[in-house]
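Novice: Chain by chain, the residues run as shown.
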Amino acid sequence: MLKGKSLLLGAGIAVAIVILIIGTMNAFNGQALSKTPDQNKAFVYRADIITFDNMEAFGKLKKTKAIFLHDQHTDALEKKNKDCLTCHMSENGRMSPKFMHLKDIGKEELTKIYCDNCTKCHAEIIAAGEKAGPVKCDDCHRERPLIKSSRVEMGFDKSLHYRHSKAQQDHCDRCHHEYDVKTQKLFYAKGKEGTCRYCHKKTTQVKETEKVISMRLASHFACIDCHQKTEAKHIDAGPVRCAGCHDATEQSKIEKIANVPRMKRGQPDNVLIKTGDEKGLIPRMMRVPFDHKAHEKYNDTCRVCHLASLESCAKCHPLTGSTDKKEITLETIFHKSGHQSSCMGCHELKQKDKSCAGCHAVMIRDRQKDSAACLRCHMVPLPERTGVLSTSKAAKMARLMPELWKETFGPIYHVKVPKTVVIKDLMDRYGPVEYPHEKVYNAMVKKIQDSKLAQYFHYSETTLCVGCHHHAPADGNPPKCSNCHGAPFDENHLNRPGIKASYHQQCMGCHQRMGVTKYLTCTSCHKERKKEAKASS
Amino acid sequence: MSISRRKFLGWVGAAGLSTAFGKSAAAATHKHFTGYPNSFAILHDITLCVGCRTCEDACNRVNDLPPPDKPFTDLSVLDSRRRTTTKAFTVVNKYENKEQPKAPVFYKKQCNHCLEPACASACFVRAFTKTSTGAVIYDSSVCVGCRYCMIACPFEIPTYEYDQALTPRIRKCTMCYPRVTKGQLPGCVEACPMEALSFGKREDMIKLARERFRRYPDRYVDHIYGEHEMGGTSWLYVSGTPFKELGMREDLGVIPAPQLTAGALSSVPVIAGLWPALLAGIYAVSKRKEKIAQKEQEQAVASALDKQGDAKTQSKEES
Chain A
0 MLKGKSLLLG AGIAVAIVIL IIGTMNAFNG QALSKTPDQN KAFVYRADII TFDNMEAFGK
60 LKKTKAIFLH DQHTDALEKK NKDCLTCHMS ENGRMSPKFM HLKDIGKEEL TKIYCDNCTK
120 CHAEIIAAGE KAGPVKCDDC HRERPLIKSS RVEMGFDKSL HYRHSKAQQD HCDRCHHEYD
180 VKTQKLFYAK GKEGTCRYCH KKTTQVKETE KVISMRLASH FACIDCHQKT EAKHIDAGPV
240 RCAGCHDATE QSKIEKIANV PRMKRGQPDN VLIKTGDEKG LIPRMMRVPF DHKAHEKYND
300 TCRVCHLASL ESCAKCHPLT GSTDKKEITL ETIFHKSGHQ SSCMGCHELK QKDKSCAGCH
360 AVMIRDRQKD SAACLRCHMV PLPERTGVLS TSKAAKMARL MPELWKETFG PIYHVKVPKT
420 VVIKDLMDRY GPVEYPHEKV YNAMVKKIQD SKLAQYFHYS ETTLCVGCHH HAPADGNPPK
480 CSNCHGAPFD ENHLNRPGIK ASYHQQCMGC HQRMGVTKYL TCTSCHKERK KEAKASS
Chain B
0 MSISRRKFLG WVGAAGLSTA FGKSAAAATH KHFTGYPNSF AILHDITLCV GCRTCEDACN
60 RVNDLPPPDK PFTDLSVLDS RRRTTTKAFT VVNKYENKEQ PKAPVFYKKQ CNHCLEPACA
120 SACFVRAFTK TSTGAVIYDS SVCVGCRYCM IACPFEIPTY EYDQALTPRI RKCTMCYPRV
180 TKGQLPGCVE ACPMEALSFG KREDMIKLAR ERFRRYPDRY VDHIYGEHEM GGTSWLYVSG
240 TPFKELGMRE DLGVIPAPQL TAGALSSVPV IAGLWPALLA GIYAVSKRKE KIAQKEQEQA
300 VASALDKQGD AKTQSKEES
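Quick mapping for you: the protein sequence lines, in order, are chains A and B. The opening residue of the first sequence carries number 0 in numbering that gives the first Met the number 0; numbering runs sequentially from there. The opening residue of the second sequence carries number 0 in numbering that gives the first Met the number 0; numbering runs sequentially from there.
Looking at chain A on its own, in the form it has when it is part of the complex (with noise of 0.2 Å):
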């Protein structure tokens, strides 16, 4: 008897073994699928938010960061009369941004600073009977705060850049130094300026030399000050609120100059990149001259380009890769792609554009082989086919370019292509399709000649036909669809669509990719032809 009851025993906690790690296995899978998402409360959206954490450079801080709004305690103190030195302090004749202090200089101190006298004051206007801010530590020191910042960048783009220094009368040195370490002092370099961004990094970097302070400290350092004290000689300055600079809508009023004339820098109008050296260095590729003048126009700044310094890109990016350093290549910075600064990377992001993607987002993402391509760019340069200029004399040849481009732009197109095409091979449920080719065709030219960039590069009448007729010889006369498209799913080419699919990718893609929306259901194009057969029947 005793030697059955322990057999059930065994047999049950078997059992159960089993019981409970199918248990927890579906416990586990109901963990991950109750995940919910965080429930959105009514929150205040504000620029002005400062969070003071400025002591956190000592050590880990025991409470949630206190929240400050800028904004609404400057105009509390313009009602009593009071300027911003009732919080900042001055130092050699310019505000500092710091609270009641100059420098950080620990973490106790600075939180002394901070709590005693912020709540001195609300405990001073709460006495008089007014209302005031927090005096209790939790209130300041929320865990769950209800206000969240909308700050958005502000960024000194071209036209803001113009309207600075037409009101400064060209006085670059008013804002643009360099430092001097034997000094210790800032000067101004005449021809060396560049962007604030080149040195003032987003966070403060001490070197044994030298401290440049970070890019917002210096913004605000910089900014405000000159506007307060342009606005206290009455004269029209920018602001001086936080919301001014960093709110969407307030940095939405400020004014923009449609077409800002050109920065006075020095910088040339044309260069022609090199492709080998006098060192010995035999270039593959003919040289690229560059239309400086032309690109400054397209972007906001200078740093899309430069960016690290407003040199010639050769300073920083060899010639030839080396294998101990880690530069990166002349050819590399030009051919990257998906990179802004780089030619053709940012020419890519251009195809992305509505007017391109129709045809440029089903190309394959592989460098273009056609050698006429590459020529665009890398031509052959007009003194050597003259003759009448040395190589050597580079800059006498980038004045010239100008004369070498006008050849190459505005391309007339002189295509006779068919006012209609009928497509009728397939027809089952549908009828033929009345393809108006002429009309896509004319409207496509037109997108060329809108741009300048695509005037550039669709240089030929071909250049526009491949667009649908890929793969087909350039001589106006393009093979039949059917010729390579037939049943869909050949083993041998996978990636070859079917010829139904083909039209329909190919004509439907098109329009999505172009937002044109009128031609997407199915009897946008065709007629229903079951209906016919009933009405002739």
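Simulated from the structure, these hints should not be mistaken for lab results. One or more of the hints may lead you astray.
Unchecked claim - Below, a list of computed lysine-lysine pairs in the BS3-like style, where the Cα atoms sit at most 27 Å apart:
1) B:K101 <-> A:K438
2) A:K349 <-> B:K97
3) A:K499 <-> A:K479
4) A:K79 <-> A:K106
5) B:K101 <-> A:K499
6) A:K273 <-> A:K451
7) B:K97 <-> A:K147
8) A:K62 <-> A:K181
9) A:K351 <-> A:K325
10) B:K93 <-> A:K351
Claimed, not checked - Facing chain B, from chain A, some residues (calculated, C-beta under 8 Å):
11) D103
12) G320
13) I363
14) P496
15) I498
16) K499
17) C506
18) S523
What the hints assert, rightly or not - The following residues of chain B were derived to be distant from chain A, with all beta-carbon distances above 12 Å:
19) Y35
20) S38
21) D63
22) P65
23) P67
24) G144
25) T158
26) T166
27) Y176
28) L207
29) T240
30) V253
31) S302
32) D305
33) G308
All C-beta atoms, glycine included, are put in the ideal place defined by N, C-alpha and C.
Based on these hints, arrange chain B on the given structure of chain A.
Specialist: Then chain B, alone, in the frame of chain A:
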């Protein structure tokens, strides 16, 4: 009692271990099945689908399904989210495109025809078969209507004819098994005007999907849904929108459903085989004990009676 206590404990231990370590159980029970060689698959390129519902129409025709409430040309149907029914083996649903709000995303839903189907593993009458074409087909003649397959399916595909009182069947996409064996394309694939559905060998469809990723890296999420999900399926999907946003489960893992249950189920024969023997043993032991006790008792009674009898005869003889 034919088994020893030691042997029994060994069995129980083996059952427990094989459940806890699924891998060793799988190695012992069955290998990971990567599909029949040269079986077919359908690649659904969600970026190409225009939501015309031609596939639904074709599916209805080739399967002789009853006409729908609204005609297939009525695209307003797409405004509500649908699932497969006994009368519609496939449905196209419309989803919001976060990147381009004007161009919604369409995703066609039907049976995914798993390489190792959960429905088949749950079915105890073997009504489901994974065929060498890739299709998972159903045999209504053996079906008992338990609907375990509906519970087992992670994609919620099989549907049941609740309105049929006498001959209810499970209904789902057949991957057009009858057509494919005749050398025809599945109805939906043949009808699709955009070739958003491609048909071919599963290996080729995976190659095709990868080639599209290479050609148009910006257009796709770099993942083939169905290549490994639930151990792989015969329907494969590529999309520009994250699959999760299309209501496709991403929590399924790559282990086929039968393998998940194999460990637990492998101990079933042991336990199921053991219980009758065990109970019979206990019964036999107790029966035997009773028998022995009865025998002893009978013997005792007999001997007592004998003694008594002897005494009587003795006394008679004496007297």
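Novice: Each hint needs a verdict: does it hold in this structure or not?
Specialist: Comparing the hints with the structure gives:
1. For the proposed pair K101 of chain B and K438 of chain A, the alpha carbon gap of about 25 Å is at most 27 Å, so the pair holds.
2. Taken as a hint, the K349 of chain A and K97 of chain B pair is honoured in the structure, with Cα atoms around 21 Å apart against an allowance of 27 Å.
3. A distance of roughly 13 Å separates the Cα atoms of K499 of chain A and K479 of chain A; the hinted pair therefore holds under the 27 Å criterion.
4. For the suggested pair K79 of chain A and K106 of chain A, the alpha carbons sit about 32 Å apart, so the restraint of at most 27 Å is broken.
5. A distance of roughly 25 Å separates the Cα atoms of K101 of chain B and K499 of chain A; the hinted pair therefore holds under the 27 Å criterion.
6. At most 27 Å may separate the alpha-carbon atoms for a hinted pair to count; K273 of chain A and K451 of chain A meet this at roughly 24 Å.
7. Taking the CA atoms of K97 of chain B and K147 of chain A, the gap is about 23 Å. The hint holds against a cut of 27 Å.
8. Between the alpha carbons of K62 of chain A and K181 of chain A the distance comes to roughly 43 Å, so the proposed pair goes past 27 Å and is violated.
9. With a CA separation close to 31 Å, the supplied pair K351 of chain A and K325 of chain A exceeds the 27 Å bound.
10. Our distance criterion of 27 Å between C-alpha atoms is met by K93 of chain B and K351 of chain A, whose separation comes to about 25 Å.
11. Checking D103 of chain A against chain B by beta carbon gives a least distance of about 42 Å; that is not within 8 Å, so the hint is violated.
12. For the restraint placing G320 of chain A at the interface with chain B, the shortest Cβ-Cβ distance is roughly 25 Å, beyond the 8 Å limit, so the hint is violated.
13. Residue-level restraint check for I363 of chain A holds (minimum Cβ-Cβ distance to chain B is 4 Å; threshold 8 Å).
14. Because the beta carbon of P496 of chain A sits about 5 Å from the nearest beta carbon in chain B, less than 8 Å, this interface hint is met.
15. Taken as an interface hint, I498 of chain A does not check out: its beta carbon lies about 10 Å from the nearest beta carbon of chain B, beyond 8 Å.
16. Of the supplied interface hints, the one on K499 of chain A holds, with its beta-carbon coming within about 6 Å of a beta-carbon of chain B, less than 8 Å.
17. Here the hint on C506 of chain A is broken, as its CB sits about 10 Å from the closest CB of chain B, past 8 Å.
18. Interface hint status for S523 of chain A: violated, as the beta-carbon distance to the closest one in chain B is roughly 12 Å, over 8 Å.
19. Even its closest Cβ contact with chain A, about 18 Å, leaves Y35 of chain B beyond 12 Å, as expected for a residue assigned away from the interface.
20. At roughly 15 Å, the least C-beta separation between S38 of chain B and chain A is larger than 12 Å, which holds for a residue marked as non-interface.
21. Once the 12 Å rule is applied to beta carbons, D63 of chain B is consistent with being away from chain A; the minimum gap is 19 Å.
22. Listed as outside the interface, P65 of chain B is consistent with that label: its C-beta sits roughly 20 Å from the nearest C-beta of chain A, beyond the 12 Å cut-off.
23. Once the 12 Å rule is applied to beta carbons, P67 of chain B is consistent with being away from chain A; the minimum gap is 17 Å.
24. Once the 12 Å rule is applied to beta carbons, G144 of chain B is consistent with being away from chain A; the minimum gap is 25 Å.
25. Listed as outside the interface, T158 of chain B is consistent with that label: its C-beta sits roughly 22 Å from the nearest C-beta of chain A, beyond the 12 Å cut-off.
26. Listed as a non-interface residue, T166 of chain B keeps its Cβ farther than 12 Å from every Cβ of chain A; the least gap is roughly 34 Å.
27. Chain A leaves Y176 of chain B outside its interface by the beta-carbon criterion, the shortest separation being 18 Å against a cut-off of 12 Å.
28. Look at L207 of chain B: its CB is around 5 Å from the nearest CB on chain A, not clear of 12 Å, so calling it non-interface is violated.
29. Chain A leaves T240 of chain B outside its interface by the beta-carbon criterion, the shortest separation being 15 Å against a cut-off of 12 Å.
30. The Cβ of V253 of chain B sits about 15 Å from the closest Cβ of chain A, beyond the 12 Å cut-off, so the non-interface label holds.
31. The claim that S302 of chain B is not at the interface with chain A holds, since no C-beta of that chain comes within 12 Å of its own (minimum 27 Å).
32. Annotated as non-interface, D305 of chain B keeps its C-beta farther than 12 Å from every C-beta of chain A; the closest such distance is 32 Å.
33. Its beta-carbon lying about 36 Å from the closest one in chain A, G308 of chain B satisfies the requirement of being farther than 12 Å from that chain.
Checked against the numbered hints given earlier, this structure breaks hints 4, 8, 9, 11, 12, 15, 17, 18, 28; the rest are met.
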